Every structure is written in structure tokens, then in C-alpha cells.
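From first to last, the protein sequence lines stand for chains A and Y. Positions 1 to 383 (UniProt numbering) are the ones given, in order, by the first sequence. Positions 1 to 397 (UniProt numbering) are the ones given, in order, by the second sequence.
By construction, these hints were calculated from the structure, which means they are not laboratory data. Given the structure is predicted, the values throughout are model-derived calculations rather than measurements. Treat the hints with care, as some may be off.
[To be verified] Label pairs and their calculated CB-CB ranges: (1) Y:297 - A:338: 51 to 57 Å; (2) A:343 - Y:51: 43 to 49 Å; (3) A:99 - Y:180: 47 to 53 Å; (4) A:186 - Y:79: 47 to 53 Å; (5) A:64 - Y:31: 53 to 59 Å; (6) Y:315 - A:43: 16 to 22 Å.
[Claimed, not checked] Residues from chain Y that face chain A, not an exhaustive set, calculated with beta carbons under 8 Å: (7) 35; (8) 126; (9) 137; (10) 149; (11) 313.
[Said to hold, decoys possible] DSS-like mimics (lysine-lysine), calculated; alpha carbons at most 30 Å apart, straight line: (12) A:84 - A:202; (13) Y:391 - A:202; (14) Y:125 - A:38; (15) A:37 - Y:306; (16) A:274 - Y:391; (17) A:84 - A:100; (18) A:37 - Y:125; (19) A:38 - Y:306; (20) Y:306 - Y:210.
For each residue, glycine too, the CB sits at the ideal point set by N, CA and C.
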Amino acid sequence: MTMTSASDTAPIAFVRHEMVQAEPPPPSMVGMQGWLKKNLFSTPGNILLTAVGFFLAAWLIWQVVDFAIVRAVFVGTSGEDCRKSPDVGACWPYVQAYWKLFVYGRYPIAERWRVDLTGLVFVVLLVPLMIPAAPLKRLNVILFFLIFPVFAFSMLVGGWFGLPHVETALWGGVLVSLVVAVTGIVMSLPLGVLLALGRRSKMPVIRLLSTIFIEFWRGVPLITVLFMASNMLPLFMPAGVDVDKLLRALIGVSLFSAAYMAEVVRGGLQAIPKGQYEGAMALGLSYWRMMGLVVMPQALKLVIPGIVNTFIGLFKDTTLVSIVSIFDLLGMINFTRTDSAWAAPTTAMTGYLVAAVFYWVFCFGMSRYSMFMENRLNTGHKR
Amino acid sequence: MALADGPAAGEAKVVWYNDPVVRGRIFQGLTLAFVVFLTWGIIHNTAVNLQSRNIAQGFGFLSTTAGFDIAQSLISYPQDADYGRAILVGLVNTVLVAVLGVILATIFGFIGGVARLSSNYVVRKLATSYVEIVRNVPLLLQIFFWYFGVLRVLPGPRDSIQPIPGWIFLNNRGLIMPQVTMTKLTADAMFYAVLAAIVAILVLRSVFRKLQERTGTQAPVFLISLAVLIAFPVVAYLATGAGITLTAPAKSTFNITGGTRVIPEFMALLMALAFYTGAFIAEIVRAGILAVSHGQTEAASSLGLKPNNILRLVVVPQALRVIIPPLTSQYLNLTKNSSLAVAVGYPDLVSTGGTVLNQTGQAVEVIAIWMVIYLGTSLTTSAFMNWYNAKMAIRER
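If we strip away everything but chain A, and leave its shape as in the complex, we get:
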């Protein structure tokens, strides 16, 4: 008691009256040095890991740089130039000689402007669609999902407006990769939504049929689906009806990815609380309005990462069409690398490197875009 009353009144020499200024952290804990210590050299085990990891990374990067640049051949006219030294790196003249084949396949040279124009329209429509701030979204969506497919089909196939007909057997390279991927993406989303709704429907027949359909396609590998599409689809058709080879693959890929999409969408539907359905019904909305206006917008938003993952998977899976002898980018590389004029030890690797970069850029871009959209649409409902 006396102590407190004393401290209240009389100042005591050995008690501080103000806070001590914080000491700066020791130099080994901050800045460059601190970062290095914390992230690289905190324990002996960590030092070892750092060393091993550093050498592994350096070795891998050096392998790529060495192959693609240091030992690479940049000028040449035939495989002879890439065969000269036994220790040669990438054979870039091969890519230079064939890059048009990689892009267009055997699409007639005089008609390639049609592919270019279609590609240009695709980009012009897609870019504003992907930028959230861009105006005229409704018009853009209609143009992209309804008008563009018709436009692209008539441009690429031709046969009217004085455009000569180009067989799909002549299509190839990036053109086919993108046609398969975009068709699969555009077809699989609406089909997948319908199938997901069917699987959660109260009508037993619809539910059973949707479940069988989804489980069937999800249970088998895509390659057997493509084999089925190319071998059995002609048998299913009435005699005399011939289905185009590329169209067969497109049907197979679309149905296959629709089943995966359905499961992703179903996950979103299951995450919507019952109160949302009941609220919509209490407002007197019909089934389709309830789904279209209340449930689906929330459900689809929840599963954006899943949808984009399915798209990425689909884009990578387009390479499988090369096994049923449709010449997509990978098929075109496999076709040209066996050309005897360009036979060299590293021709194959050069081609595969180009393909790997192409697919990586697209897939990585898609995954980053989905992260961006996810953040933008995150309205704080997530825990």
C-alpha cells in the first residue's frame, strides 16, 4: 500500500517514465542477410538442401540453355546441317522450314488467309470477353457463342460465297488443336450443366440416365473413346451416311469432357444451401428461372477453378487425336520429324520443345486467368 501511494506521488529514481526505444533487430535477422539465413541457411540440413537444390536447378537450366541455344544450329537448309556434329543441340532450321505446316497443316496455301481471318476474329471477340471492364458484354457473348461458330465453320470449311471447299483431312497443326479445344469447351459447358441438373433432378428416369451417361464417359480413357468414335461411329450411322473424321473426334471429345464438366458443376450445385432454392421457389420462380437466375450463377462462380481445370485438361487432351491419325500440332511434329530430309538426332526433341512451349503458355495462361477471375468474383462468402 505504501509503495503504490509512494509511486503515485513521489518520483522514484530507478523507475523509467517513458518506454525504451525498440532496438533495431540484429543485422543477421533483417534485409538480405536475414532473408538468406531464414530461407537458405537456417540449419545444417537446410544448407545441404540448398546446395543440392541449387546444383540441381543450375544443371536443369543449363541443360535447356545448352540444348536450345549454346549447341543449337540456327541456320541451315536441310538435316545435313543438323547432322554435321555428333554433339548438336536444337535444330532450329527444321522448325523454320516447317512452321507453316505446324500452324495450318496442309490447308491449301492460297486459302490460308481464311484461317488467319478466323483466328483474328476469334481473338478480337475473345479478348473483350475476358476483360471484365469491357463494354457491350451481352452483344459480345451472343457474337462469340452464336455467331462466331457459324462464321468459323463457313470460313474454314468453305463451299459457299465463292469460297472453295477445304476438306477437313487437309486441316492440321495448331488450327486443328484449337478447333478441337474450342469446340470441346463450347460444347461441354452447356451439356455439362444440363447433365448436372439431370443428375440432381427429382425425376428418377432423368436422374438414372444422366448418372449412367456421366459414369460411363468418366470411367473410360479418352483414347478408347476416340477409337470408338473413329471405328464405331460409322457403324452406328444408317448406311450411306458418312461422318467426317474430324467431326467424329469432335463428338468424342465433346461428350467426354461434358461428363467431367457435369461432375464439376454438380459439386457447385451441392454447395448451394437449400435456403436459396426455397427462397427462389417462394418468390414463385419456375424451375428454369430458379436455376438460371438464382442457383446457377452462384454455383458456377464457386466452381470456376474446377471448370478451368477441366478446360486445361481438355486442351492437353486434344493431343490424343494424333493417335487416331488427325494431324494436330503434335501429330504434325511427329509427321515431319520422320521426313528423311530433316533426319537428325535432335529433330524430334526440337519439335517437342516447340510443342511443349506452346501448350505450356496456353495452359499456364488459363490457370492464371482463372485465379484472377476467382479473386474478382470473390464476394466474401468463402470462409
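Once you have looked at the hints, place chain Y on chain A.
Using the frame of chain A, we list chain Y on its own:
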């Protein structure tokens, strides 16, 4: 109240075509009719087409002599084997690559996932690059990379790479290892020894658990189990007269004879599948570990658990609950993706089936066999998964 009394009057007002129940029935009936019509049309067209193309129907072709070689076969595949045998060889090869792939992918995935969460900058970035690069490049391209880019450009048999000189050879014809031959006695004895060891471990574990519950003393269960698992077969091996012989492959001027050869197609497929699926598993493992809240770790350490026990008893069991379902679907994906073997000519189910399909033209039957096998695997795994999920689910009050 008056309103609630008259539901009968309200019902009568609904016209029959506006009644949701009636509508539902009509809609279902129409859908069913459409599907039946479609199926009938397909079956009819197929029958007509097959007849006009003179293709036989039914599974009789399975007992016709196949007459094509298969590069790798774990079961006997004689010259006069029939198509059924060929498809069976393919199935065994699929199972082989899938099982080994699952094991390797799990190892890569767990290392990758833990490394992505490492406090070490270099390790973290290395693991992130692995995941981001491998996940975003098509699997088929990776198979081609391993096959044409790595394995086919190895030196020929004459200048084989020899990790253990005279015993193991690596060249563009594959990996050649010593052949292992066992006497029947030793093989049997070791098989039963392993079985006995597993039983012994199960018994020991329950004994140790009881001991711990009674007295609190912890026995080194893992070390003892490992010792039992090693000791039993070794004793059986020595007791039956050490009946295992290793025959080294013989190197002549142009070729290497003898030994067990692992074909490059198999290695390429295995490496690609393991690295590719491993990258996906790494993401699953990372998400699983992150899903266990930090409070759990802190609570465990405040209870006085040692770091390795925190991981083993608190973090991993909870992380597994999140990890197992997507992990199983990755295993299924790997199995289905092993069908890409056809691209490099590894004789798996799809590849041998494809050869049979081309030789006999019986597409419907061959594709039906594929579908039944893959669907069966998928559905069985799904059923197992659902059971496991229910078992592992949080038991709430």
C-alpha cells in the same frame, strides 16, 4: 384457416397439363422413348452395317490364333496363342505399369508437395517449377519426350552405360538387369515367411498398444516391425539353402544376351506417368497439409508431443482425410492414362487390343472389352472410395 380447409378445391383448379407430377411423368416418358429409339436405331444400323461389310459378330475370334509378337509379357505367350491370350497379356502389362506408376507417382507427389511448403527458398521454388511445368504440358508430349528424347538416343548395346559394371546395362534397347532364378523351395518358403511376418507384426502392434495403454511406455514399434519384416524372409532364405541365383547378362561385341530386359517403351511410359501424376499429387498433398489448421500443431506441441509425433499422430491423419479422395481419382487417372502406351507401342490393353481390332475388324467386341475392363476398374474404385470416405469422415456428435 378457411383457406387451409379447402385444399381439394384448390387442387381441382389446376389443369392437368400444369400439374408438375403429370408434367414430370410425360417428360420422363418422352425422354425414355427417345433414348430407346436412339439405342434401337444404333443397334439396328450396326447390325446392318456389319452384315454388309461381312464382319463376323460375337466373341468367337478370341480363340483364333493371334500370330503377332508382343514385346513384353509377364505370362507365357506361346507362338500359337490366341487373341484372348494376347488381350490378357495386354491387361497384365497395363496392371504392371499402373501399379508401379502409382507407387512412383505417390513418392514424387509427396516429396513435391512437402517441398512446396518447405522453408527453404531453393527447394520451394524447385518444387513449384516442377509442378507448374509438368502439369501444364500434355502427357502424350511427355511420353514422347522420355521415349524419343531420352531413351532412344542412349548409346547402342556396344557402348552401354553400366551403373554397376558387368551387372546392369542401360542402352537404347532398354535396361538389362541380372536374371533372378529361385528354387521352388526357397520361393515358397520366402512367400510364407512374408505372410508370417505380416501376421507377427499385426500381433505385435496390438500387444504394444495394450502395453502402452496400461503402462504408458512406448515401444519402438516401427523399428521392430521393420526388423521382423526383414528377418523372417532372410531366415527362410538361409534355411532353405540360399536358393537364389543371379545371372549377369553377357556382353558380346554387338549385343547383350541373357538377363532381364526392361523395354524402353515401358520405362518411357512409367517415367512420364509418374512425373505427370506426381505433379498433380503434389498439389493435393500441399492442399491437404494446408487444410490442417496451425492450431492443431500448436495444441499438439503444447501437449508435449515430439515434432515427428506431431506429424505422425496429429497432422498426417487429418491431412489424409482431405488427401485420400482426390488421390484415389488421380490413381484412376493414371490407370486410364496408361492407355497412351499405344503411342509408343508398349503392349498394354489398348495397344494389343488395337492390333487385334485391326487384324480381325471386330471393333464392337474389342471396344466392348476395353470399356468393360476400364469401367469395372473405375466403378470398383469409386465404390471402395465411398466406403473409405464414410469410414474416415469426421464423427460428429
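Here's how the hints hold up against the structure:
1. Y:297 - A:338: 51 to 57 Å: Once the Cβ atoms are compared, 56 Å apart, the range 51 to 57 Å for residue 338 of chain A and residue 297 of chain Y holds.
2. A:343 - Y:51: 43 to 49 Å: Roughly 46 Å apart at Cβ, these two residues keep to the hinted range, so it holds.
3. A:99 - Y:180: 47 to 53 Å: 50 Å, holds
4. A:186 - Y:79: 47 to 53 Å: Given a distance of about 51 Å, which is inside 47 to 53 Å, the answer is holds.
5. A:64 - Y:31: 53 to 59 Å: Between residue 64 of chain A and residue 31 of chain Y, where Cβ atoms are some 55 Å apart, the hint holds.
6. Y:315 - A:43: 16 to 22 Å: Roughly 20 Å apart at Cβ, these two residues keep to the hinted range, so it holds.
7. 35: The hint holds - residue 35 of chain Y has a Cβ within 8 Å of chain A, the shortest such distance being about 6 Å.
8. 126: The hint holds - residue 126 of chain Y has a Cβ within 8 Å of chain A, the shortest such distance being about 5 Å.
9. 137: 5 Å, holds
10. 149: 5 Å, holds
11. 313: Violated, about 23 Å.
12. A:84 - A:202: Violated, because 70 Å separates the two Cα atoms, which is more than 30 Å.
13. Y:391 - A:202: Given that 30 Å is the threshold and the Cα spacing comes to 28 Å, the pair holds.
14. Y:125 - A:38: Cα-Cα ~15 Å, so holds.
15. A:37 - Y:306: Holds, at roughly 25 Å.
16. A:274 - Y:391: 26 Å, holds
17. A:84 - A:100: 26 Å, holds
18. A:37 - Y:125: 16 Å, holds
19. A:38 - Y:306: Status holds; Cα separation ~23 Å.
20. Y:306 - Y:210: 21 Å, holds
Figure legend: structure checked against the earlier numbered hints; hints not met, in rising order: 11 and 12.
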